[in-house]
Each structure stands twice: as structure tokens, then as C-alpha cells.
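Chains V and G supply the protein sequences, listed in that same order.
First residue of the first sequence: 1, per the numbering used here; consecutive thereafter.
First residue of the second sequence: 1, per the numbering used here; consecutive thereafter.
Since the hints were made in silico from the structure, they are not lab data.
Take these hints with a grain of salt, some might be off.
[Claimed, not checked] Taking lysine-lysine pairs in the BS3-like style, the calculated list, with each CA pair at most 30 Å apart, reads:
1) Lys142/G / Lys23/G
2) Lys243/G / Lys267/G
3) Lys303/V / Lys84/G
4) Lys545/V / Lys19/V
5) Lys23/G / Lys483/V
6) Lys171/G / Lys483/V
7) Lys243/G / Lys69/V
8) Lys23/G / Lys149/G
9) Lys361/V / Lys23/G
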Amino acid sequence: MATSATVHAHAAPQGFIRKYIFSLDHKVIGIQYFFLALTAVWVGMFLSLLMRIHLVWPNAVLPLVGEIKPETYLSLLTMHGTIMVFFVLTTAPQGGFGNYFLPIQIGAPDMAFPVLNMLSFWTTFVAFVVMICAFFVTGGAPLHGWTGYAPLSALPSAGPGEGLGADLWITSIAIFCIASLMGALNFITTTLDLRAKGMTMMRMPLTVWSWFITAILGLLAFGVLLSAGILLLMDRNMGTSFYVPLVVVNGQIMGHRGGSPLLWQHLFWFFGHPEVYIAILPGMGVASQVLSTFSRKPIFGYKAMVYAMLAIGFFGFMVWGHHMFMSGMSPYSAFAFSILTMCIGVPSAIKTFNWLGTMYKGHIRFQTPMLYAIGFVSLFVSGGLSGPFLAQPVLDIQLHDTYFVVGHFHLIMGVAAIFGMFAATYYWFPKMFGRMMNEMWGRVHFFITLAGTYAIFMPMHYLGIAGGTRRYSQYTEVAYLQKLMPIHQFMTYAAIITIAAQFIFVINLFWSMFKGPKASDNPWEATTLEWTTTTPPPHDNFGGKTPVVNHGPYEYGVPGAPRDYVMQTDPATSSVH
Amino acid sequence: MGLALMALIWLITLASTYFFVAKTWWLPIGAAEAAHFIDGQLALTFVLMGIVFLAAQLSLGYIVWRYRQQPNSPPVNYSHGNTKLEIVWTVLTTVLFVGLNLMGSRVWASQRFDQAGPGAVQVEVTGMQFAWYFRYPGPDGKYGATSPKLMDPSAGGEAAVGLNTSDPAAKDDVVTGTMYLPVNREVDVSLRAVDVIHSFFVPSLRFKQDAVPGLNIHMHFTPTAVGEYEIACAELCGLGHYKMHGMVHVVSQEDFDKWIAAREAEKQ
């Protein structure tokens, strides 16, 4: 393994363009992904702010944006969901932090295929630009939701935004799929081939395991979405009928015959459910890493954590039908999908149990990364426990397509995953940029964000139980929905405060990048390989030396050791794993 | 810091739980036979998940505060885990989750595996951007033919669903924009959509089912209380999704017979 690592080494580039723009260095590419996702998350968050304002003040005329019409609202929700899922939740944890830290944590000088790595970033970038273009074409962005259910998404005449905007939307996703496939190949190969001497699979940090499993999920899932997207483009532009039967829109008979709207749903969710785990697995990895480091204790049940992630990945491909209990799919298959969905809750429960076990009888240090990891666990529990409601088809009769679902997935794959990213940012920022972030403002940011996200997303469950349908631009037309408006008002106020608090994070981020105190090589007294090299790491990560690994990743509080932690590269002793 | 974090986590947990227990916002009162089972299963799930929620969040808060690093903290418990505990935990959650699911599945099977009985009231529900139409087969008990070529949504009524009036079976078909149902009689609904997917959601009747172009989906339910219940579309269907609204009037059998007779009379 060490020999193949040397084969892939390349000389440090000199010019600005090769160094910072079309760089082959996984660290630069990781930072590029990070900033792309940071841009995307502000766009996505701004869209959600407009939605929240429109829900409560439907006639407000906003500066720059003007009046929000029902179709504008649907465009906002489509683009919010799409941008957040693809360009934030998939891009930052995997493309950003995974790219930067996977090679370093396994002791490799770079990714296995640096050119492919550069290509996958720039392809993602193109996909983002194409997506944003959908706002500016005639008819605007599509209104079919991030799930793009056919026939609505397949018929240009079915609504405003379903013309060129929808074509751009599908094209962008197809490009994104190609980028993700390239990235996934690279991650898998790197993990399998480029581990340093002594870095056995069972000595890999849980972050590496999470990126590795996420890459496998991506490899299997994005190919299906890519094919589904191409078929949808053909239905729209080439007269095929994969997803559309004979339909009559506004009294006009469309040319399609014999297609199946449910086919799109099957293909989409075959990708869509693993995508949930693509978003959350890296967060689980980061939470494990941070909880162990800041509790000064080995992770509780390392092997159980690995097996749980593998089980989640495995079951993740067998539960897509739980999105379709009300779709007209056979009620017998609902039975099978529902049991399998309950099974996927078991490894998730194991992980929670082990996180609590890690902190139990530890020496908890409350630096900002730890606060976010603890917040992650809390959100993961809250978001996870609404899963067994939605996994039961009989409860979906009431809850499907209500805000209960919106609350569920925002807590777990939205903000829990984002808390994972915040933990990762505060934790690895010193290594990436050579300086420390401000602790005091980090804490302020954390407390407002944790309280705020609960204030936004917990009430959605109450709304959903009361029958509050999702994707409604206004609650004015249905009498029982009008009574639920106070919940919407509360959530909007909470959203405004929480969004405002994110400025604290961005200011802290950029200010610390230039003005923060210099970081040492190992400011958190952590054990994994990225903390053995200089801050920031040199071009080849370890300055010409190849690390040799003697220990497991989370050796904290080792009795008899000179410090309270043993780094992975410390000389082998008999007392440590 | 540990104390502040514990306080916040506990506060969030208790506040969240309060609104579930107080039922400040809750299901509308059930007006269908299935409501009893569905509400029971929902309550059971709430109790079980609520216990897990409270146990996990409260212990998270407590652990965070109790094991904060202090100058006189005892050495940490150097442990890599406990296989016996992992197994116990795994078995417990599996039993809880799968058991809960199996209980719910009985109800699901009764709702969706069986067809409507022979005496059920026949109603066809058609969704289109952005209205619901209801068709009753009339005294002959047979729906007349419809044709996409005849569909004219702007005309409403029979023309909207494309009823072929030259078909003898269509002569006595009644098409309306409001659904009337007799109380305590099973309803056999046949769901169709002409353009995109819609979803027929009547919260009070504990009923939801997508209406999908190209499919004719049969469902059944039994309303048990006279009253007026709102229909909301529950599948994103375009810009008018939020106002694709309708009403179900559940009336006595007598009133239903009168109502349908009056509609038949209007047709002649």
C-alpha cells in the first residue's frame, strides 16, 4: 500500500491557476467544495427565508424579490430542496471534508486519482451554475418539488417553470450525478489502496469509514438517478412515454401513451433514500470522532459503530418504497418496505447508544466542535424517533405529505447533518487554515442555532398531526388549515432569528481565517493522523515521510501512558490497542 | 457550560413533549370506522417513542453535565465498549420497532388488502388541476364510459370528467363538485387523475390516497358521523395545489337518497 502511494505523488504546482483553481491537491479541492457548499447553503437558506415570509405574510412585497406568487413559492421550495440536498448535504460533508481529510487520515499523499478529483469538483461547479440559471430563464425555476414527480415534471404545459427551467433542473442534476460518480470512485479506491503501513481497515477513524460507505452508496445510487433523469429529459423533449400515460392537461390531450408515473417514483427513491444516508453518514463519522476526542475516552463500541454504518448502508437500498405508501403501489409491498424500514432504525439506535456510552464517565471538554457534536446527537434522536411513525403505512394515511414529514427529515438529514458540518468546521478549521476560530462566538452561535432549529422544526410535527399539508403556498383556502396559522407564525419568527445567527458563524469563519490566533499542530490533543503533520499540512501531507500506524484511532485516557492520549503513530506498546 | 447545555437540552425536551401530551394541536375528531384503530396505533407509537425520546434526551443532558471535565475528575473509564450491552440494546430496539410495526400492519391489512363489500356506495373521484369531481353510477349501478377527447375542464361537471353521454350506462351518472355520502355505509371509491398526480386527503375520515394518471385505484372506508369534512390535496400538483379544496357531506341514508334523486331529476 505504501508503495502505491508513492506512485501517485505529484510535484507541488507553482502557478496561481494550477495551485488554487485547477488544483490537483485534494486539500485545495476540499476547500473548493467547502466554499461551493457555503455559497449554496446561503442561497438555499435565503430561499427558505422567502418561503417562511410568504407563508405568514402572503401579500408582502419584498425588496429585490417583489411579490411572491403561489408559483414563485413552489419554485422557491423546489430550488431550496434541490440546492440543499445536492449542493450542501452531499457536497460539503463528502466533497469538502472527505476530500480534505480522508487521504490524510489514512496516511496517503493525495487521492488515488488527482485529475479525476479536480474534474469531479469542476463538474459539480458546472452543475451548480446550471441549476442557478433555472431562476433566470422564461417561466423561472420549476415548481415540481425536489422530488420532481412525473407527470408534473414531465409536461412543460403543466405549470409555469415546467418549461426550460425544468430542463435545466434535470440537466443540472444529471451533471451532478456524473460528478458524484467520479468522486465516489476516487474515495473508494483511495480508501482501499492508499492506506499507510499499519492502517488496517479496523484502525481507520470512523470518519474514514463513513466517507468510504457514503462513497459506495453514491456509486450505487447516483447512476440510477442519472438514468432516471435522462429518461425524464427524453419524455419532455423526444416524445417518449416512460413516465407519462395518456393525460389531458387543461383540456388538451398530450401525446404520451402508456407510461407509468410510479416508475419515476421507484427510480427516484431508489436513489433518494440512500441519499438520506449519504447526507447523514459523514455527520455520524464526525460526531463519533469529536465525541471521543472531547470526552477523552475511546469510542464506545468501535466495531459496533462500523457494523451499524454498514448495516445502514445495506438496508438503505431496501426501504425506498416507504416514500410511496400512498402512491398506489401494492399494499403488500408496503408491508415489506415497512418492516425493513423499522430494521434500519436498529443500527441508528445502536449508534446513539454508543455515543452516550462514549461520553459516559469521560472528561468532557466543551469546545465548540464538541457542542455541535452533542447537538448532533440530540437532533439525531429527535429526528430519528419520528421515523417509526412514518415507517408505518397505517400512520402515513394521516401523516404522509404533511409537515410531520418535513419536520422529520429536516431534523435528521437537514440540521443534524448541518450540525455534523458545523462540528467538522470548528474541529478541522485550525488544520485547514492554520488558525483557531473564536470560541466565545462559536458558543453563542451554537446556543442560538440549537434552540432555533428546534423552534423551527419541532412545531412542524404538531402541524402535521393536525393535518397540515406540505407544499401549500398559503394556508388561506382551507378552513382547518387557517386555524394552524399560529404555528406557522411562530416558526417564521424562529427562522428569522436562527438565520440571523448564521452571520455570527460566517463572520467568525472569515475573521478567524485571517486574524485568528495561530493554531498548533494538534490543538485538540487528538490522535488521528491529520494531527501528526504540520498545520496546515504540506503539499504531500506528511513532508516526504510516510506515517506508520501502530494504534487504533481513539486511544484516549490510556492507563499508564505518558499523556492522556496515544496518537496512531506513537510507538507500539503492549498496553494499548 | 455543561450546566447550560443540560438546561437547554432538558428545556427543549420538556417543551416539545408538553405540546404532544397537551394535544394543543392534534388530529381532528375521527369520523370514520378506521379512526379508532389509526388513532390507537398513533397513540401507542407516541407513548413508546415518547419514552425513548425522554430517556435519550434527558440522559444526554445529564451525562454532559455530570461528566464535564473538572480538576478533580476521576480518571476516565478506559473502555472500548461492551459487547453484552450492545447485544441487549440491539435486541431490545429490534423487538420494540418490529413489534410496533407488526401491530400497525394488522390495521393496514384491514384497510388495504380487502376490497369493498357488495353493498358499498360507489363513488368515482377524479382529480384535475385544481378541482375534484365525484361521479355516482346512478340506479343502474354502472359507470358510463368516459373519453379523454370529451374532457373540458372549463365546462365543469360531466364535461370535465369527459362523460360520454351517448353511452346508455352514462345516462343516469351523476357528476358533482361536492361529495355526498350516507353515514355508516361502506364507500367504494375509485380514484382517477386526468393530468398529474393528486392526493385525496380527508383528515377527519382518516383517508388519504394518491390519484394517479393511468391508474384506477379502488379504496374503501366507512364514515360514521354526520357532518361536513374538508378535502385537501396532499400531492404537489401545480400552482393551485394550495386551493385544490373540496367538501365531503356525510348525511343520513334518507338525506342521501333525496339528494341523489334530486340530482337525477336535474339531469332529465
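So, going through the hints one by one against the coordinates:
{"no.": "1", "hint": "Lys142/G / Lys23/G", "in the structure": "violated, 45 Å"}
{"no.": "2", "hint": "Lys243/G / Lys267/G", "in the structure": "holds, 29 Å"}
{"no.": "3", "hint": "Lys303/V / Lys84/G", "in the structure": "holds, 13 Å"}
{"no.": "4", "hint": "Lys545/V / Lys19/V", "in the structure": "holds, 22 Å"}
{"no.": "5", "hint": "Lys23/G / Lys483/V", "in the structure": "holds, 15 Å"}
{"no.": "6", "hint": "Lys171/G / Lys483/V", "in the structure": "violated, 42 Å"}
{"no.": "7", "hint": "Lys243/G / Lys69/V", "in the structure": "holds, 13 Å"}
{"no.": "8", "hint": "Lys23/G / Lys149/G", "in the structure": "violated, 49 Å"}
{"no.": "9", "hint": "Lys361/V / Lys23/G", "in the structure": "violated, 38 Å"}
Hint check: violations occur at hints 1, 6, 8 and 9; the rest are consistent with the structure.
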